[in-house]
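Asks: Residue numbers for the sequence shown follow the working numbering, beginning at 1 and rising by one.
One thing to keep in mind: the hints can contain errors.
For lysine to aspartate or glutamate, the following DMTMM-like pairs were computed, each having C-alpha atoms within a straight-line distance of at most 25 Å [as the list claims (entries may be wrong)]: (1) 97 to 61; (2) 137 to 61; (3) 98 to 7; (4) 79 to 95; (5) 37 to 122; (6) 97 to 62; (7) 98 to 122; (8) 26 to 135; (9) 37 to 27; (10) 79 to 119; (11) 68 to 135; (12) 25 to 135; (13) 97 to 75; (14) 68 to 101; (15) 98 to 110; (16) 133 to 94; (17) 29 to 88; (18) 98 to 75; (19) 29 to 101; (20) 25 to 110; (21) 25 to 95; (22) 79 to 7; (23) 133 to 119; (24) 137 to 44; (25) 29 to 61; (26) 79 to 122.
Per label pair, the in silico range of CB-to-CB distance [to be verified]: (27) 44 to 104: 13 to 21 Å; (28) 84 to 111: 17 to 25 Å; (29) 115 to 37: 20 to 28 Å.
Note that these hints are calculated values from the structure, not bench results.
Here a beta-carbon is modelled for each residue, glycine too, at the ideal position from N, C-alpha and C.
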Amino acid sequence: MTPLNLDQEAALSAQQMVAAALTVKKDAKAIENLITKTLGVLQEQGVYACMLFLFSRTSSDERGFTGKIRPVLYDLLGKLPAFGQRADLPTWQDESKKVLEFYARHVCQELDSLLLARDLYEQALIYARFTAKAERKGD
1 MTPLNLDQEA
11 ALSAQQMVAA
21 ALTVKKDAKA
31 IENLITKTLG
41 VLQEQGVYAC
51 MLFLFSRTSS
61 DERGFTGKIR
71 PVLYDLLGKL
81 PAFGQRADLP
91 TWQDESKKVL
101 EFYARHVCQE
111 LDSLLLARDL
121 YEQALIYARF
131 TAKAERKGD
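The task is simple: from the sequences and hints, build the whole structure.
Replies: See below:
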């Protein structure tokens, strides 16, 4: 069995997040700002609040960006052994109620898995923020 390299998974997910968000609108600064806000919510309030924040965006651009970012975070969660085999892992088609219920009932249930998910999301969002910043420099 090959060991799971979570740092690599975070880096690849960050690239995927930014690339997907750029398909909505080529505005790397707006993407960077949204990712920075998301990271702040994650660090201050936790994983559930992070998902709630991503579902609560109201501007059309932010809704478009979050619609591309959330599925990458779901896939990243699925890389963790505690969640990878779950048939009810959220997908991009799922509505907010179903996703938030999954996070509340399953992700927040076991402290070790919750903290690992938080750390993994934090690393991915940090990488995504700098990926978006690098995209801005390329403009």
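Asks: Determine for every hint whether it applies to the structure shown.
Replies: Each hint tested on the structure:
Our distance criterion of 25 Å between C-alpha atoms is met by residue 97 and residue 61, whose separation comes to about 21 Å. About 21 Å separates the Cα atoms of residue 137 and residue 61, which keeps this hinted pair within 25 Å; it holds. Distance hint between residue 98 and residue 7 is unfulfilled; the C-alpha atoms sit about 28 Å from each other, more than 25 Å. Straight-line distance between C-alpha atoms of residue 79 and residue 95 comes to about 21 Å, which keeps the hinted pair within the 25 Å bound.
Between the alpha carbons of residue 37 and residue 122 the distance comes to roughly 12 Å, so the proposed pair stays at or under 25 Å and holds. At roughly 19 Å between alpha-carbon atoms, residue 97 and residue 62 fall within 25 Å of each other, so this suggested pair holds. Distance check on the hinted pair: residue 98 and residue 122 sit about 23 Å apart at the alpha-carbon level, within 25 Å; holds. Distance restraint check for residue 26 and residue 135: the Cα-Cα separation of roughly 10 Å lies within the 25 Å cut-off, and the hinted pair is therefore satisfied.
For the suggested pair residue 37 and residue 27, the alpha carbons sit about 16 Å apart, so the restraint of at most 25 Å is met. Only pairs whose Cα atoms come within 25 Å are accepted, and residue 79 paired with residue 119 is accepted, the gap being roughly 13 Å. Restraint check for residue 68 and residue 135: the C-alpha separation of about 17 Å stays at or below 25 Å, so the hint holds. Restraint check for residue 25 and residue 135: satisfied, since their Cα atoms lie roughly 13 Å apart, inside the 25 Å limit.
Note on residue 97 and residue 75: the hinted pairing holds, with a Cα-Cα distance of about 18 Å set against a maximum of 25 Å. Distance hint between residue 68 and residue 101 is fulfilled; the C-alpha atoms sit about 20 Å from each other, no more than 25 Å. Between residue 98 and residue 110 the CA atoms are separated by roughly 19 Å; this keeps the pair inside 25 Å, and the hint holds. Straight-line distance between C-alpha atoms of residue 133 and residue 94 comes to about 30 Å, which puts the hinted pair past the 25 Å bound.
Taking the CA atoms of residue 29 and residue 88, the gap is near 34 Å; set against the 25 Å cutoff, the hint is violated. Of the pairs offered as hints, the one joining residue 98 and residue 75 holds, with about 16 Å between alpha carbons and a cut-off of 25 Å not exceeded. A distance of roughly 32 Å separates the Cα atoms of residue 29 and residue 101; the hinted pair therefore is violated under the 25 Å criterion. For a cut-off of 25 Å, the pair hint linking residue 25 to residue 110 is broken: about 37 Å separates their Cα positions.
For the suggested pair residue 25 and residue 95, the alpha carbons sit about 23 Å apart, so the restraint of at most 25 Å is met. Among the hinted pairs, residue 79 with residue 7 is consistent with the structure: their alpha-carbon atoms are about 12 Å apart, no more than 25 Å. Taking the CA atoms of residue 133 and residue 119, the gap is about 21 Å. The hint holds against a cut of 25 Å. A hinted pair counts as satisfied when its Cα atoms are at most 25 Å apart, and residue 137 with residue 44 does not qualify at roughly 29 Å.
As the CA atoms of residue 29 and residue 61 are separated by approximately 12 Å, the hinted pair is consistent with the 25 Å bound. With a C-alpha separation of about 15 Å, the suggested pairing of residue 79 with residue 122 holds against the 25 Å cut-off. The hint said 13 to 21 Å for the Cβ distance between residue 44 and residue 104, and at roughly 18 Å that hint holds. Checking the proposed 17 to 25 Å range against residue 84 and residue 111 shows it holds: the Cβ atoms sit about 19 Å from each other.
A hinted range of 20 to 28 Å for the beta carbons of residue 115 and residue 37 is consistent with their spacing of about 22 Å.
The structure fails to meet hints 3, 16, 17, 19, 20, 24 from the earlier list, while all remaining hints are met.
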